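With the working numbering, the residue at position 7 of the sequence shown is 7, and numbering never jumps.
A hint or two may mislead.
Claimed, not checked - Below 25 angstroms or equal to it, Euclidean Cα-Cα: the simulated SDA-like pairs (lysine to any residue) are:
1. 66 / 40
2. 66 / 33
3. 14 / 27
4. 60 / 49
5. 14 / 36
6. 66 / 38
7. 60 / 25
8. 14 / 24
9. 14 / 52
10. 66 / 35
11. 60 / 35
12. 66 / 18
13. 66 / 56
14. 60 / 41
15. 60 / 11
16. 14 / 59
17. 60 / 21
18. 66 / 20
19. 14 / 39
20. 66 / 23
21. 60 / 16
22. 66 / 25
23. 66 / 50
24. 66 / 43
25. 60 / 17
Claimed, not checked - The following label-pair restraints were derived from C-beta to C-beta distances:
26. 73 / 30: 25 to 33 angstroms
27. 53 / 18: 23 to 31 angstroms
28. 12 / 63: 26 to 34 angstroms
29. 15 / 54: 27 to 35 angstroms
30. 31 / 63: 17 to 25 angstroms
31. 64 / 11: 27 to 35 angstroms
32. 48 / 17: 16 to 24 angstroms
33. 64 / 12: 28 to 36 angstroms
34. 18 / 54: 29 to 37 angstroms
35. 36 / 58: 26 to 34 angstroms
36. 58 / 18: 29 to 37 angstroms
37. 59 / 16: 17 to 25 angstroms
38. 72 / 31: 26 to 34 angstroms
Derived from the structure by calculation, the hints contain no laboratory data. Just so it is clear, the structure is predicted and the values come from calculations on it, not from any experiment. Quick reminder that beta carbons are idealized off the backbone N, C-alpha and C, glycines included.
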Amino acid sequence: TGAPASHSDTTGTKACGTFSVTAGWSGQFGPGFTTLAVHSNTNGQIAWPAYTDAELLGGKVVSPDKSWSVTQL
Numbered sequence: 001t002g003a004p005a006s007h008s009d010t011t012g013t014k015a016c017g018t019f020s021v022t023a024g025w026s027g028q029f030g031p032g033f034t035t036l037a038v039h040s041n042t043n044g045q046i047a048w049p050a051y052t053d054a055e056l057l058g059g060k061v062v063s064p065d066k067s068w069s070v071t072q073l
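Please construct the entire structure, taking both the sequences and the accompanying hints into account.
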C-alpha cells in the first residue's frame, strides 16, 4: 500500500533451514525499527534481533555485526 518493504510485516512464518523466522516493523514509539524472531526448531531457542530504519537504509548490511541474547523456550 505504498509503504517500503522495510516497513512491512512478514506474512506468516518463513522457514530457513532448521530455523523459523518472522519479522515486524513498528514506528509507534518514535523512529521506526524492524524486529525479527528467529527460532531454532531443533533446540527450541529463540532470539529477537532488531534494527532501526537508519541501520537498514538502502538495504545495506549492518556493520559492525551485533549480537542478542538467546532464550530457551
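Evaluation of the provided hints:
Among the hinted pairs, residue 66 with residue 40 is consistent with the structure: their alpha-carbon atoms are about 19 angstroms apart, no more than 25 angstroms. Straight-line distance between C-alpha atoms of residue 66 and residue 33 comes to about 15 angstroms, which keeps the hinted pair within the 25 angstroms bound. For the hint linking residue 14 to residue 27, the alpha-carbon distance of about 23 angstroms falls within 25 angstroms, and the restraint holds. Restraint check for residue 60 and residue 49: the C-alpha separation of about 16 angstroms stays at or below 25 angstroms, so the hint holds.
This hinted pair checks out: residue 14 and residue 36 have alpha carbons roughly 11 angstroms apart, not beyond 25 angstroms. Proximity of residue 66 to residue 38 is assessed by CA-CA distance (about 14 angstroms); at most 25 angstroms being required, the pair is judged to hold. Of the pairs offered as hints, the one joining residue 60 and residue 25 holds, with about 17 angstroms between alpha carbons and a cut-off of 25 angstroms not exceeded. Proposed proximity of residue 14 and residue 24 is supported: the alpha carbons are some 13 angstroms apart, at most 25 angstroms.
For the hint pairing residue 14 with residue 52, the CA-to-CA distance comes to about 21 angstroms; that is within 25 angstroms, so the pair holds. With a C-alpha separation of about 13 angstroms, the suggested pairing of residue 66 with residue 35 holds against the 25 angstroms cut-off. Between residue 60 and residue 35 the alpha-carbon distance is near 16 angstroms, which keeps this suggested pair within the 25 angstroms criterion. Restraint check for residue 66 and residue 18: the C-alpha separation of about 21 angstroms stays at or below 25 angstroms, so the hint holds.
A C-alpha spacing of about 13 angstroms is found between residue 66 and residue 56, which places the hinted pair at or below 25 angstroms, so the restraint holds. Using a Cα cut-off of 25 angstroms, the hinted pair residue 60 and residue 41 is violated, with the two alpha carbons roughly 28 angstroms apart. In summary, the hint linking residue 60 to residue 11 is supported, as the alpha carbons are separated by about 23 angstroms, within the 25 angstroms threshold. Between residue 14 and residue 59 the CA atoms are separated by roughly 20 angstroms; this keeps the pair inside 25 angstroms, and the hint holds.
Simply put, residue 60 and residue 21 have alpha-carbon atoms about 20 angstroms apart, close enough for the 25 angstroms limit, and the pair holds. For a cut-off of 25 angstroms, the pair hint linking residue 66 to residue 20 stands: about 20 angstroms separates their Cα positions. Our distance criterion of 25 angstroms between C-alpha atoms is met by residue 14 and residue 39, whose separation comes to about 10 angstroms. With a C-alpha separation of about 17 angstroms, the suggested pair residue 66 and residue 23 falls inside the 25 angstroms cut-off, and the hint holds.
Between residue 60 and residue 16, the direct Cα distance comes to roughly 21 angstroms. Compliance with the 25 angstroms bound is thereby established for this hinted pair. Between residue 66 and residue 25, the direct Cα distance comes to roughly 19 angstroms. Compliance with the 25 angstroms bound is thereby established for this hinted pair. Restraint check for residue 66 and residue 50: satisfied, since their Cα atoms lie roughly 10 angstroms apart, inside the 25 angstroms limit. About 22 angstroms separates the Cα atoms of residue 66 and residue 43, which keeps this hinted pair within 25 angstroms; it holds.
In summary, the hint linking residue 60 to residue 17 is supported, as the alpha carbons are separated by about 23 angstroms, within the 25 angstroms threshold. With their beta carbons about 30 angstroms apart, residue 73 and residue 30 fall inside the hinted range of 25 to 33 angstroms. Remark: the range hint 23 to 31 angstroms for residue 53 to residue 18 is upheld by a beta-carbon distance near 30 angstroms. Residue 12 and residue 63 have their C-beta atoms about 30 angstroms apart, which keeps the hinted 26 to 34 angstroms range intact.
The beta-carbon spacing between residue 15 and residue 54, approximately 29 angstroms, falls within the hinted interval of 27 to 35 angstroms. In this structure the hint that residue 31 and residue 63 lie 17 to 25 angstroms apart at CB holds, the actual value being about 19 angstroms. Range check, residue 64 to residue 11: about 31 angstroms between beta-carbon atoms, so the 27 to 35 angstroms window is met. For the pair residue 48 and residue 17, the supplied restraint of 16 to 24 angstroms holds, since their beta-carbon distance comes to about 19 angstroms.
The hinted window of 28 to 36 angstroms between residue 64 and residue 12 holds, with their beta carbons roughly 31 angstroms apart. Distance hint for residue 18 and residue 54: a CB-CB separation of about 32 angstroms, consistent with the stated range 29 to 37 angstroms. A beta carbon spacing of about 19 angstroms between residue 36 and residue 58 contradicts the range 26 to 34 angstroms that was offered as a hint. Separation of residue 58 from residue 18 is about 31 angstroms and conforms to the stated range, judged on CB atoms against 29 to 37 angstroms.
Judged by the Cβ atoms, the range 17 to 25 angstroms given for residue 59 and residue 16 holds: they are separated by roughly 18 angstroms. The hinted range of 26 to 34 angstroms is satisfied by residue 72 and residue 31, whose Cβ atoms lie roughly 31 angstroms apart.
When each numbered hint is compared with the structure, violations occur for hints 14, 35.
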